[in-house]
Amino acid sequence: MADRQVPEVKAPAAPTQHAKYPWPEPATTQLISKPHTRLDGALKLSGHAKYSYDVNRPGLLYGRILRSPHPHARVVSVDLSDAQKAPGVKAALAIVQPGGKVMYQGDEVAAVAAATEEQARDALRLIKVQYDVLAHIATETLALRPDAPAVFEGGNIKEGNTDETGDLDAGFKAAAEIVEATYQTQVQTHVCLETHGCVCEWEGDKLTAWVSTQAVHGTREGFAESLQIPQANIRVICEYMGGGFGSKFGPDVQGVVCAKLAKAAGGAVKLMLDRKEEHLAAGNRPSSVSKIKAGVAADGMLTAFDGESYGTGGASAGAGFPLPYIYTFPNRRRRHRDVFTNAGPARAMRAPGHPQGCFATELLMDELADKVRMDPVEFRIKNLPAEAPNRMWRKYFPIAAEKFGWSKRHATGDPTPGPIKRGMGCAANQWGGGGRGTKAHVEIHSDGGVVVRCGTQDIGTGTRTIIAIAAAETLGLPYTSIKTEIGDSLYPFSGGSGGSTTSASVMPAIRVTTGKAFDALAARVASSMGVQPVSLVARDGRVFVKDTPSKGVTWKEACRMLGTEPVSVDGEWEAGLSASGTSGVQFAEVQVDIETGVTRVDRVVCVQDCGLVMNPLTTETQIHGGIIMGVNWALFENRILDRNTGQMVNPNMEWYMLGGMSDIPKIDVVLMNQPERGVIGIGEPPTISTAAAIANAVANAIGVRVRSLPLSPDRVLAALAAQQKAGGTL
Amino acid sequence: MASSEEPRGGPPAAIEDTGPGVSRRSFLKSVGVTGVVAGVVAEAAPTAQAPAPAAVGPGEVSIALTINGAKRTLKVEPRVTLLDALRNRLDITGLKRVCDRGTCGACTAVVDGRTAYTCSMLAIEAQGKDIRTIEGLTDGTVLHPIQQAILEHDGTMCGFCTPGFVMSAVGLLQKNPTPTAEQAREALDGNICRCGTYNRLLDAVLQVKGGSRG
Numbered sequence: 001m002a003d004r005q006v007p008e009v010k011a012p013a014a015p016t017q018h019a020k021y022p023w024p025e026p027a028t029t030q031l032i033s034k035p036h037t038r039l040d041g042a043l044k045l046s047g048h049a050k051y052s053y054d055v056n057r058p059g060l061l062y063g064r065i066l067r068s069p070h071p072h073a074r075v076v077s078v079d080l081s082d083a084q085k086a087p088g089v090k091a092a093l094a095i096v097q098p099g100g101k102v103m104y105q106g107d108e109v110a111a112v113a114a115a116t117e118e119q120a121r122d123a124l125r126l127i128k129v130q131y132d133v134l135a136h137i138a139t140e141t142l143a144l145r146p147d148a149p150a151v152f153e154g155g156n157i158k159e160g161n162t163d164e165t166g167d168l169d170a171g172f173k174a175a176a177e178i179v180e181a182t183y184q185t186q187v188q189t190h191v192c193l194e195t196h197g198c199v200c201e202w203e204g205d206k207l208t209a210w211v212s213t214q215a216v217h218g219t220r221e222g223f224a225e226s227l228q229i230p231q232a233n234i235r236v237i238c239e240y241m242g243g244g245f246g247s248k249f250g251p252d253v254q255g256v257v258c259a260k261l262a263k264a265a266g267g268a269v270k271l272m273l274d275r276k277e278e279h280l281a282a283g284n285r286p287s288s289v290s291k292i293k294a295g296v297a298a299d300g301m302l303t304a305f306d307g308e309s310y311g312t313g314g315a316s317a318g319a320g321f322p323l324p325y326i327y328t329f330p331n332r333r334r335r336h337r338d339v340f341t342n343a344g345p346a347r348a349m350r351a352p353g354h355p356q357g358c359f360a361t362e363l364l365m366d367e368l369a370d371k372v373r374m375d376p377v378e379f380r381i382k383n384l385p386a387e388a389p390n391r392m393w394r395k396y397f398p399i400a401a402e403k404f405g406w407s408k409r410h411a412t413g414d415p416t417p418g419p420i421k422r423g424m425g426c427a428a429n430q431w432g433g434g435g436r437g438t439k440a441h442v443e444i445h446s447d448g449g450v451v452v453r454c455g456t457q458d459i460g461t462g463t464r465t466i467i468a469i470a471a472a473e474t475l476g477l478p479y480t481s482i483k484t485e486i487g488d489s490l491y492p493f494s495g496g497s498g499g500s501t502t503s504a505s506v507m508p509a510i511r512v513t514t515g516k517a518f519d520a521l522a523a524r525v526a527s528s529m530g531v532q533p534v535s536l537v538a539r540d541g542r543v544f545v546k547d548t549p550s551k552g553v554t555w556k557e558a559c560r561m562l563g564t565e566p567v568s569v570d571g572e573w574e575a576g577l578s579a580s581g582t583s584g585v586q587f588a589e590v591q592v593d594i595e596t597g598v599t600r601v602d603r604v605v606c607v608q609d610c611g612l613v614m615n616p617l618t619t620e621t622q623i624h625g626g627i628i629m630g631v632n633w634a635l636f637e638n639r640i641l642d643r644n645t646g647q648m649v650n651p652n653m654e655w656y657m658l659g660g661m662s663d664i665p666k667i668d669v670v671l672m673n674q675p676e677r678g679v680i681g682i683g684e685p686p687t688i689s690t691a692a693a694i695a696n697a698v699a700n701a702i703g704v705r706v707r708s709l710p711l712s713p714d715r716v717l718a719a720l721a722a723q724q725k726a727g728g729t730l
Numbered sequence: 731m732a733s734s735e736e737p738r739g740g741p742p743a744a745i746e747d748t749g750p751g752v753s754r755r756s757f758l759k760s761v762g763v764t765g766v767v768a769g770v771v772a773e774a775a776p777t778a779q780a781p782a783p784a785a786v787g788p789g790e791v792s793i794a795l796t797i798n799g800a801k802r803t804l805k806v807e808p809r810v811t812l813l814d815a816l817r818n819r820l821d822i823t824g825l826k827r828v829c830d831r832g833t834c835g836a837c838t839a840v841v842d843g844r845t846a847y848t849c850s851m852l853a854i855e856a857q858g859k860d861i862r863t864i865e866g867l868t869d870g871t872v873l874h875p876i877q878q879a880i881l882e883h884d885g886t887m888c889g890f891c892t893p894g895f896v897m898s899a900v901g902l903l904q905k906n907p908t909p910t911a912e913q914a915r916e917a918l919d920g921n922i923c924r925c926g927t928y929n930r931l932l933d934a935v936l937q938v939k940g941g942s943r944g
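In the order they appear, the protein sequences are chains V and H.
Each residue of the first sequence is one higher than the one before, counting from 1 in my numbering.
Each residue of the second sequence is one higher than the one before, counting from 731 in my numbering.
Worth double-checking, as some hints may not be accurate.
[Claimed, not checked] Pairs of lysine-lysine, BS3-like flavour, derived with a Cα cap of 25 Å: (1) V:Lys-85 <-> H:Lys-805; (2) V:Lys-382 <-> V:Lys-291; (3) H:Lys-801 <-> V:Lys-50; (4) V:Lys-85 <-> V:Lys-128.
To be clear, the hints were calculated from the coordinates, so they are not data collected in a lab.
Using the sequences provided together with the hints, build the complete structure.
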């Protein structure tokens, strides 16, 4: 069970709140910062929550997409005639026109809609496509060869800027020790359990789309652009969705194809990707290779960092990442290149870039600490940037070390005899987040009912629940009594749920709008109560004169005074209620079997902040999720493309592995509440540093560094064998 | 609350060491690479009581399924899985299609008292069997104790894996009302959660102890 205590951090330079509806004082909250179960938990647990995948419309047709079997080819012709005549087929269309290219295995070529899914699959096999197969590139190494064929005209490399600060030569001269090493991370796919896709239905020129999306408004805009119809004619609904992790912000090709099929077929069409399509074409976290030379002075101060990095986001750019990460290298240079390959394009994935930069930097930090024979925590603290509300590592490292039992850590290499070696490691994270722009609508009815409408969406993070908490806190009601309506582009605008921006964007809008709604209620009932509107407050299900609870009425009595016309107000995000910038640290303990190479993570301790904590229960669960995703990336996940054929060899869930119940560590979360900072999101930060902490723990256990992910048994054994051959220790 | 210890109307369960009850990795190891899917289908469909289906198809055939105690008739092609029959033909959508090849457990139902991956069982082979889905577990709006415990421990995030985990947990607790943490982990190893609710789920299962709260 996670640590439920919420110690407060007195952050320096706290922003001053100028909001008209500030958050209540931390000591006076009824609901905020207290644990609450999810409003939609029972629906999800009973199977009654309707996800986009579950929407079955009358006469529903099933759409399927034909995808390229080749990693790189020019399409000569697409013949749909046989498919169009196949049993049950209602519509067929080509996605690539003759002369167009496919850039990776799984790139979209054509599509059909049929009465049953089985008929749709059969019809795909009747589509005749002639390909002019082109040379392809499956890996970064192959792409970087001078004689490599070009993925895109213009080459396989997109040069990034070279960043340079300070005097690199002087920095290396000042170094007592130098580490040169290469760190690598693999391509990870999102593996949303609900695959990408939607149900599209037309009524005349109006489209309704039930989409598995992180952005109902953004998806509406995407549909409008692609279909060349007004946004006003489109409604996007996403009541429940089965995970996105950064990969579901628009209709994508399959959404637009689904809408076109539905139009052509004259009926509703469901088009959900299957698991293989999901791995091939629905996004991924790019790989990374970081070749680093770094120096440290005898006193443990970092002096210099010279890094060259590249990575591949497949047939797209976007493989950049922050490097060095967090720690202060006074003299540094960094050059980055995006490398193109014939693989599915990258998309944002939970904390884009940060896990890669964190992995390389935090492994390097342990190597440098060993060189100068310093404790890794002490060494890190020595080289941190100055403390700030969003940079609290100096405080968090000792808290986590104490809770974790860091003092029991042995030096690199577990001296215990036998095959099982234990080790400890740590790493830090940071994330920006922040958010703005959300609008909301609140109604208070004469029967006492409260409806909050907001065009955000709950991607599994608990947004629906914290909206109710914020509204109920403001109106003095139980949070379960608030009717929270989200996930529909007919509701007031809110942005996509990504980048840890949802809470910081949505919560202020809810606080402001419910505050305005209560003001409107007070204005309409105060005279009947014989008091001034400004004197009224709402608390404990009553509306009463502040500091005189006896002088008031129940919430229901107050609402009854409204008569037929409900309170109906709009409001939006205002400054002063949310902020950006979080920091955290994680410690991991592992055991490694040096005979089998199998690593198991026993426990992770996490100290993390995210501003004002709305609901510590769901926040901690989300932190668990980030850590577990980090464990998976560290040990199991790996999108493997065959270097000769460019085909993904594990496009499923048995060979693209995710940990199961037995693979998951014990997790302790220490959540640092910072109410004075306002609301900040927590989606990304906790997944950033887990893999680095685990890799450092593995090195501490076995006395050999495994510098590339995943830390699979073969890599661990290879590293041990290489070390034995070299006859040395670290 | 004694009656809620079992799926309603279902016989006391005899969960065999196949399907989701077995550790995914040890299972894969034991059957090797190529036999994975075939192995699940064969093991998950005991033929002792059920009449062997006659050669049918390839067109649609009429079948009858007993789902949560109610008999439903429908037409499916013989190749249609039980999962797809439930979701696409009968609009019973609590079970989810995630991997569609017997790995992730999101489609788990209790069939004749044993947990089964419905993506790896043909609908025609499910005739005559007692099929219990997540929809049959809740009594009106009253959650089953395991559902209630998961709610309180916040064992759902996106919720897409949740029905499968609930059914696997029900299967476990029928067989072993007082599992150790190790036994519970192993029993739930056939289910995958991407959001990372494992620790919450485990705490919930260990608290429920066979359907009685404590």
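So, going through the hints one by one against the coordinates:
A C-alpha spacing of about 23 Å is found between Lys-85 (chain V) and Lys-805 (chain H), which places the hinted pair at or below 25 Å, so the restraint holds. Our distance criterion of 25 Å between C-alpha atoms is met by Lys-382 (chain V) and Lys-291 (chain V), whose separation comes to about 24 Å. Taking the CA atoms of Lys-801 (chain H) and Lys-50 (chain V), the gap is about 23 Å. The hint holds against a cut of 25 Å. Of the supplied pair hints, the one linking Lys-85 (chain V) and Lys-128 (chain V) holds, its CA atoms being roughly 13 Å apart against a limit of 25 Å.
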